[in-house]
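Student: Single-letter residue listing:
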Amino acid sequence: MAWALKARRLGRVYRWRGGQNVALRDVDLEVPAGSVLGLIGRNGAGKTTFIRIGSTSLLPTSGALEVLGRDVVAEAPAIRRRIAVIPQESRPFYWMTPRELVRYYLRLRGHSGREASRRAQEALNELGLSAWSETLVSRLSGGLRRRAMVAMVMASDAEILFLDEPTTGLDPLARRSVWEAIRRAAESHRTIFLTTHYLEEAEYLSDRLALLERGQLLAQGTPRDLSARVRYPFRVMVESGFSREELESYGRVSSVGTRLFLFTDEDRAQEVAREGLARGARLHLGPVSLEDIFVQIVGREISEDEGEGGEGGVGVGAS
Amino acid sequence: MASAWERLRSIGALVGLNGFLPMRRQPLFLVNTLTSPFSFLFLYFIVEKAAGNTHLFPYAIAGGLILTVLSIGTSLQADLTHYKQDLKFQEIVVASPVGAASYVTGMALSELVYSIPGLAVFIILSVLYAHYAAFGGLTVLLALLLLWVFASALGFTLSTYLEDVRETFAISPLVSIALSVIPPVYYPITVIPGAWRWVALLSPTTWAANLVQGAMGLPAPSLGPDPYLLDATVLLAWAVALFLLAWTKAQWRER
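Residue numbers (our numbering), protein chains in the order written: chain A, 1 to 319; chain B, 1 to 255.
Keep in mind that the hints were calculated from the coordinates and are not lab data. These figures come from a predicted structure and were not determined experimentally. Every residue gets a Cβ at the ideal spot worked out from N, C-alpha and C, and that includes glycine. Among these hints, one or two may not hold up.
Claimed, not checked - Partial pick of chain B residues on the chain A-facing surface, computed with a CB cut under 8 Å: (1) P22; (2) R25; (3) K84; (4) L87; (5) K249; (6) R253; (7) E254.
As the list claims (entries may be wrong) - Pairwise CB distance ranges, derived in the manner of DEER restraints: (8) A:D157 with B:F42: 47 to 55 Å; (9) B:G217 with A:G18: 26 to 34 Å; (10) B:R25 with A:D157: 22 to 30 Å; (11) B:I124 with A:E134: 32 to 40 Å; (12) A:S112 with B:P173: 40 to 48 Å; (13) A:R114 with B:R25: 43 to 51 Å; (14) A:E134 with B:G137: 39 to 47 Å; (15) B:E254 with A:Q216: 18 to 26 Å.
Generate the whole structure from the sequences, applying the supplied hints.
Tutor: Right under this line is the structure:
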């Protein structure tokens, strides 16, 4: 298998006078070429640090990272023409139009004027920006500006696209147009390295997921692999018909408002469903979502670190 | 590695996106670069008119030329800091075939675009008020070119260390005063008492000013055995030193 990205014990420590922050710790990660990897984690988990090292703007302090078979420290210039990045919180120049933004970016990367214009038009169409292509960025909404940034890198000929929270601030429809563009880019065998806080986005787009917490890689694999790692792969949302005490005999229970959430295995979920039917209870049953998996894995990690029994809150999978 | 043609395209794109485009959309940017040099010129004009003489006015023209080029460095520093910290543009450029040298060259040229009207006015004034020596025009161009390299390298290096654009508000005036107001840029070095001239010689702009003043036919002392050769050599050394500093110390990639 060809790897687009291969990290070996990758580490990064930010040091300043009187302190330091370990942003990445011994991360081993492999991303097959032509796939979409969703890097998920809480704020400060190390996602952006990883993207910045991969896109060659930050040096690691330990370990190694190969991008397209080249070392990011020693062979950065050879990597750079084959990658493109949208950094977190990046913004376009306010005095440009989306068309100018994309076109100038492509000229910057060495494309001819004609090629840049053609690619810019295609990318603007793809991101649904044609109607705003001649409007100054200063007059565009935050969501349209973000889409213009996405159009910029999509228009490039980069083999790997590093997208650091590309859909933050977008409305649901705009987000979907970005998703479609990302999927199409993946279908044309480009590798997408994506960070996001929207877990449904990661689930929808990613062939593989990697979960970072406090600089450490807690889990990686396909969404199915991650599901297999959690103790309770099924979730039952109960609106009526059961008390919390009754449900606790089936598995782990948490509540949001008046709703109870039971995390359990498949057999017990079916048992609750049968009992619920007999009682005329209102409940919904299904496999856990990525969000549930995230909470279970990260919650367990936090609980273990804090020496708690996993009671309440995020410590769902600890008991 | 990018080919020479691709590098030229990259530099051209940077000149367009940071020079011509914003200038077209917001012409006030142009006026901004002219304010400081022309303020000094205006002040000299008024004060000398009141005093009834004009013998220092040509020095203000020479100083205006130098300050206009020096402003390229301070503007570059502010722009690059803003683009790096607020827009994350440097990270976007790093992850592309564009190298640091092309980036700085393109951005420094784009800042030069803003300065062209100011430089043109000062050059016309210098022709009207000064008496150029033989090859004086070429000497002035050489001095301004070396100063442009120095100022651009300084601006780029500083920008890679600053963490917020607000820091440029504090640093730019300091750099400007230290390099253009205090040293003998707007006045001849002979005004400074002999015992203190060595302090002025620490500034590269002193050498640039002496070179420009001499080329414009203004009384400027020869600071070496050959008139102005030492000026040009020291200025070249400063430009090379700052270029090397930018090459080795600027954080194109965060360490």
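Student: Against this structure, judge whether each hint is valid.
Tutor: Hint by hint, here is what the structure shows:
{"no.": "1", "hint": "P22", "in the structure": "holds (5 Å)"}
{"no.": "2", "hint": "R25", "in the structure": "holds (4 Å)"}
{"no.": "3", "hint": "K84", "in the structure": "violated (10 Å)"}
{"no.": "4", "hint": "L87", "in the structure": "holds (5 Å)"}
{"no.": "5", "hint": "K249", "in the structure": "violated (15 Å)"}
{"no.": "6", "hint": "R253", "in the structure": "holds (6 Å)"}
{"no.": "7", "hint": "E254", "in the structure": "holds (5 Å)"}
{"no.": "8", "hint": "A:D157 with B:F42: 47 to 55 Å", "in the structure": "holds (52 Å)"}
{"no.": "9", "hint": "B:G217 with A:G18: 26 to 34 Å", "in the structure": "violated (57 Å)"}
{"no.": "10", "hint": "B:R25 with A:D157: 22 to 30 Å", "in the structure": "holds (29 Å)"}
{"no.": "11", "hint": "B:I124 with A:E134: 32 to 40 Å", "in the structure": "holds (38 Å)"}
{"no.": "12", "hint": "A:S112 with B:P173: 40 to 48 Å", "in the structure": "holds (42 Å)"}
{"no.": "13", "hint": "A:R114 with B:R25: 43 to 51 Å", "in the structure": "violated (24 Å)"}
{"no.": "14", "hint": "A:E134 with B:G137: 39 to 47 Å", "in the structure": "holds (44 Å)"}
{"no.": "15", "hint": "B:E254 with A:Q216: 18 to 26 Å", "in the structure": "holds (22 Å)"}
In this structure, the earlier hints numbered 3, 5, 9 and 13 are contradicted, and the remaining ones agree with it.
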